[in-house]
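Protein chains in written order, with my numbering: chain A, 1 to 177; chain B, 178 to 745.
It should be emphasised that the hints constitute simulated quantities derived from the structure, not laboratory data. Cβ coordinates follow ideal geometry from the N, Cα and C atoms, glycine included. Misleading hints may appear alongside valid ones.
[To be verified] Some chain A residues close to chain B (C-beta under 8 Å, calculated; not the full set):
(1) R28
(2) R35
(3) K76
[What the hints assert, rightly or not] Here are the computed lysine-lysine pairs in the PhoX-like style, where the Cα-Cα straight-line distance is at most 25 Å:
(4) A/K76 with B/K488
(5) B/K322 with A/K76
(6) B/K529 with B/K475
(7) A/K76 with B/K501
(8) B/K322 with A/K22
(9) B/K584 with B/K529
(10) B/K246 with A/K76
(11) B/K221 with B/K180
(12) B/K475 with A/K65
(13) A/K65 with B/K466
(14) A/K65 with B/K488
(15) B/K221 with B/K246
[To be verified] Rough simulated footprint, nothing fancy, chain B against chain A, three-plus residues with beta-carbon under 8 Å:
(16) 67-75
(17) 78-89
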Amino acid sequence: MERTEILPTGTSHTISLLVENKPGVLHRIAGLFSRRGYNIASLTVGPTERAEYSRMTIVVRLSSKTVEQVVRQVQKLVPVVEVRELLPADLLERELMLVKIRTPERNHAELRALADTYEATIVDVSPDALVIEAAGTAGKLDALEDRLRPFGIHEICRSGRIALERGFKTLAPPSLK
Amino acid sequence: MAKERMTGAMAVRRSLEAEGVEVTFGMPGGTILPIYDAMFGGTKVRQVLIRHEQVGGHAAEGFAHATGKVGVCMGTSGPGATNLVTAIADAYMDSVPLVAITANVASPLIGTDAFQEADITGITMPITKHNWLVTDVRDIPRVFKEAFYIARTGRPGPVLIDIPKDVLNTELDFEYPETVSIPGYHPPQREEPRLRDAAALIRSASRPVVYLGGGVRTANAHAEVLAFAELVDAPVVTTVHGKGAFPETHPLCLAMFGMHGSRFANYTVQNADLLVCLGARFDDRVTGKLSTFAPDAKIVHLDVDPAEISKLVTATVPLVGDLKVLLPQLTEEVRRAFAAQGRADIAPWKHKVADWREKHPLRYVQDPKGELLPQYVIERIWQKCGGQAVVTTGVGEHQMFAAQWWKTTAPRQFITSGGLGTMGFCLPSAIGAQLGRPGETVIGIDGDGSFQMTLQDLATARDLNLPIKIFILNNLFLGMVRQWQELFYENRFASTPLSDCPDFVKLAEAYGCLGLRARTVEELDPVIERALANREGPTIIDVRIRREEKVFPMVPAGAPLNDMIDGE
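The following block holds chain B by itself, in its conformation from the complex (with noise of 0.2 Å):
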């Protein structure tokens, strides 16, 4: 291919193409101008105007958990930047293939404090997979070649390309590489000679749990998943982030566990004799207090990043690898040791947990005549969409509600922010996840104060006529707080009551959108239904809830597993 002279600004236009970006999410500002110049017309690269950078980057992680591909996001140097951080901090967490490209100012200003500086490469090393400030033009097309690399591959995660104003000014003679040769980095694709020892102690194991997290979802590897845990037959557990990794309605799964987890889940995981954990990371919300953890358990754990296993709890044997390639030889392996010495019998443990899961399931009483409950919106929503739909949360207690009452049936199905728990992701990331799947329905499940954390961006909804649908279960509180308030601290509610502002149906309208209430039983059908049926743009729907609703099971920051706390 022929060199093409042409600036960096153009060429970072050329790089975003070459990789087949279909929308960025950003806000010019003064440094970033040529790359938004450059972008003026004639490109597919469709460029999204959010009102806020923080916005941008969740909108981004959005789009690429709910398409699979890597989100973009701009923004302009100093603030324009830094109001990134807490989205690439958020991407990180969560495992998002991410984008992020920032202008910094001009060269030799760099270092002098200049208007809008900010050293972002350096304020975003600890929470990138890797960041670079382009300092010669000529580097642009390999570094934007290997930020998508290293975004997608491995185990996927946010990098940021910063680039000085000059910089973007100056000509380069631009080809696009074809390929990445990076000394460092080498996402792990080895055969793992432990299958076979894997392979034995799911056989010999009589109380086999499968734990799925969100490492199922950044391999796409649910196809795997299911026949490997069909073939084990044995009880599924997940993560918030495994939500989608396994149909929630299938007999084997018994959906989320951990802190908000089932009491049948908990009691499941603390009494296996075997854990198979795939792509997760025995976070402190799962695990509960550590040293209790699944105490008879020995741990099979299949992860992507070497540096996962044996982080918090060792593991029996682990298995470093791309799960969609690794599972079927692990399945394989598991089907051929069935097949020649059998198998430990589990039906006794299978009826156990049949037994735990009736004595103790997830349950609400929604009085037909009484304040609305959380957990019937939110089972009434799946009902009237049939479980299709795209659902997008917030974070606090909304957000568990959603996690234990929203089945998920495909995957992609559950968007959160789960690592960092960043409150106000819900509408960004519906805006995201409807730019990327246009002809679904995309639900956005909030809080009122998350909501309230950046809701400046219906206007970019409307702007775009997104039909995404916002349920605000409102209860005028920063309920997962007060809810900690309540249990732990004496009813002392600093802080956390909300006053009844802004009216969130005038604010809709005063955004173009359409905005609806509910306030009982009788009032929710209907306004779930015009929801659904507005495909014209944004719809913000103000679902008053009962205010003191908490959320149950509840395992105490600390606290062992199997020592849930109920509200009876």
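If we strip away everything but chain A, and leave its shape as in the complex, we get (with noise of 0.2 Å):
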């Protein structure tokens, strides 16, 4: 078979599920990015504006014809109401990190200003570590990891991307807006 995209080359997609809140549907979409062999770079799931749905938000790496197909797959789930590919023309992204610096008190005021920098807080201060609490796009948060780098990062902890779409879309289906 000339299937060469089980490994997680290729660019970066972000498809957004609206899926319904029930029990075993993280199961179900996990097993089937599994089963498939589209890897999984980072998932995120939350509620939404409606009790009973919830939002996912998955990254992949894979070819864009791969992804179409991701896409149609996803949609065949009973649970999932609408799937999308979010265009990078129209994503609005952003990611949570908690970064722990294990690093002596004199360090401190060089790291606060770095924080503030990248928009980032102290969250927790003890005398030889601190944590960083920083959101913002992937590349960001990418660039803040390596600065911080030097100062001894000794735990890093990232929430996978959220995303919307920019302007008035919305992913529901006419029938549920």
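Quick one: dock chain against chain with the hints and give me the complex.
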């Protein structure tokens, strides 16, 4: 078989899903990705403006053609109300990051200045460690991470991306608008 | 309609009645007892007791395939449910509408590794269109309504409903819903804007081919396909599930192509400049090496499942929708295009195809004094019943011989496990098909290996006095694997010779069936006649065939479609 996209190569695509808020939905979606060999770079899920639906944002690194396939396969899952790739031009995406830096107190001032540059906040301070909270695009967080590395990153937790489209468009089909 | 107070188990029965279910195939057990008890007496829904749940699943598939209705199978929690898994996977691969009902351990025990507990909704998630674990008894009517709707609409397929025992014993106010509303499930029915593009391609093609798959059957679009193909006047090829989609006795029909298709069918596909693919999915068993498949062909692909479009072969013009609705529109569009602008000359192409057909026919030579050949046996059975039968098969060489030599003339005449390739499929699906079409001749063409995977359900066939006739093409080998060993593994026949055990005639007799045997050309005809004449119950025919006979032509796995090997 000429399938070469099992590995996470290709460009990053953001897929947004509106799903029924029912048990097992995450299992169904994650299972579909794994059995068809689509690697997930990140996946987030959370409540929406309506209690009966959740929104999922899945980032994959695949070719555009494969992403079309992914979208069609995901659409077939019964609890998936709507699914769409969010195109880069319309994409508003954010990610949250918590970074624990293990560093002597003398570096704290410098870190505070760095955090300010990235509109990040220091949310916990102890004599030999501090925790920085930052939000923004993945690119911005990557850059901050690079800048923090010389100080000694002890632990990182990133949320994975969440995304919406710019403007008036929504994901919900007409019947739900 | 007034609501009625009843238990969850009775609600299951009433839901099945409301769906018009005629028969369920299953076996009771500890947790599903409440359903069997509710079904005991007074219902028109017939309970067929099988001897293994896998057989129940395949029998329900056979029933569904033969009738076009939804098949229903049942199993108790744990092993009863897991025994259904192969049949559910089979139905998923072959788009067979199937509702599987399982009971589970009582809700408080779920997740505790209780006796006969299995997470069957988790296990069957990848092989069902959808499944449900019903935790609230009030959901039963809605879930059943949705289950049957999802199983039979769009691209049909299996669904599973799992109900814990305590939920079955809890009461609800029952009312069966008349409509369904599932926000995430909308089978495509939209108007297809690209019909005109498709018609333009058909009009200008000089080497067109119509390629039919199982989607013709699931859409019941046989008449529409015939009208289309006759208008386009192009050669027609089919997949194994396309058998029955188009009369194989029709002059346009080149029958099956692919790994064991004829040379003329494969050459035709490989040389086409346009493939009109109706309800098929470019499986590797028909395309051969994908990058060399029909290199000059543009593709019009009409399918009800958008995820099949351009999955493996990029469609030049994709058309998504119900074949029965869309195809007549396409036919009209083509008719208009032909009338307005004429069409490319396809006469040279048709001559070429006729030439291939003449030069490279499927063939065998039966020595009247020699060992029986499976091809001859199948042709004799066909001739003796005038092709008027429903055929079911197991999986292996006999299946491909049957696909090559059994000429279907009407829809739903060839029932086989195509996608999953499940050995043991023949007897169970024959049981289901005969129940669905009681007045008709149902013939099983099986292999000795395949038959032994589900033979215990001869008891079921005997209980029901089903006049099925199972011809075991017995070569004392797992023949298809043996064929690969001979061709690709230097005759190293690892684990493929089967012993001459059991004696299938004695076995048939032990099960109260008629057992017959044929070893020679001379013995064959009388045995076929006796089998066809037996209306009292099942007949098992042990046909001893040439042990080393192989299915040709053959496209080795991963080779181009026109790169076929023969035995010559």
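Against the structure, the hints:
{"no.": "1", "hint": "R28", "in the structure": "holds (6 Å)"}
{"no.": "2", "hint": "R35", "in the structure": "holds (5 Å)"}
{"no.": "3", "hint": "K76", "in the structure": "holds (6 Å)"}
{"no.": "4", "hint": "A/K76 with B/K488", "in the structure": "holds (14 Å)"}
{"no.": "5", "hint": "B/K322 with A/K76", "in the structure": "holds (19 Å)"}
{"no.": "6", "hint": "B/K529 with B/K475", "in the structure": "holds (19 Å)"}
{"no.": "7", "hint": "A/K76 with B/K501", "in the structure": "holds (21 Å)"}
{"no.": "8", "hint": "B/K322 with A/K22", "in the structure": "holds (18 Å)"}
{"no.": "9", "hint": "B/K584 with B/K529", "in the structure": "holds (23 Å)"}
{"no.": "10", "hint": "B/K246 with A/K76", "in the structure": "holds (22 Å)"}
{"no.": "11", "hint": "B/K221 with B/K180", "in the structure": "holds (21 Å)"}
{"no.": "12", "hint": "B/K475 with A/K65", "in the structure": "holds (18 Å)"}
{"no.": "13", "hint": "A/K65 with B/K466", "in the structure": "holds (20 Å)"}
{"no.": "14", "hint": "A/K65 with B/K488", "in the structure": "holds (9 Å)"}
{"no.": "15", "hint": "B/K221 with B/K246", "in the structure": "holds (16 Å)"}
{"no.": "16", "hint": "67-75", "in the structure": "holds (count 5)"}
{"no.": "17", "hint": "78-89", "in the structure": "holds (count 5)"}
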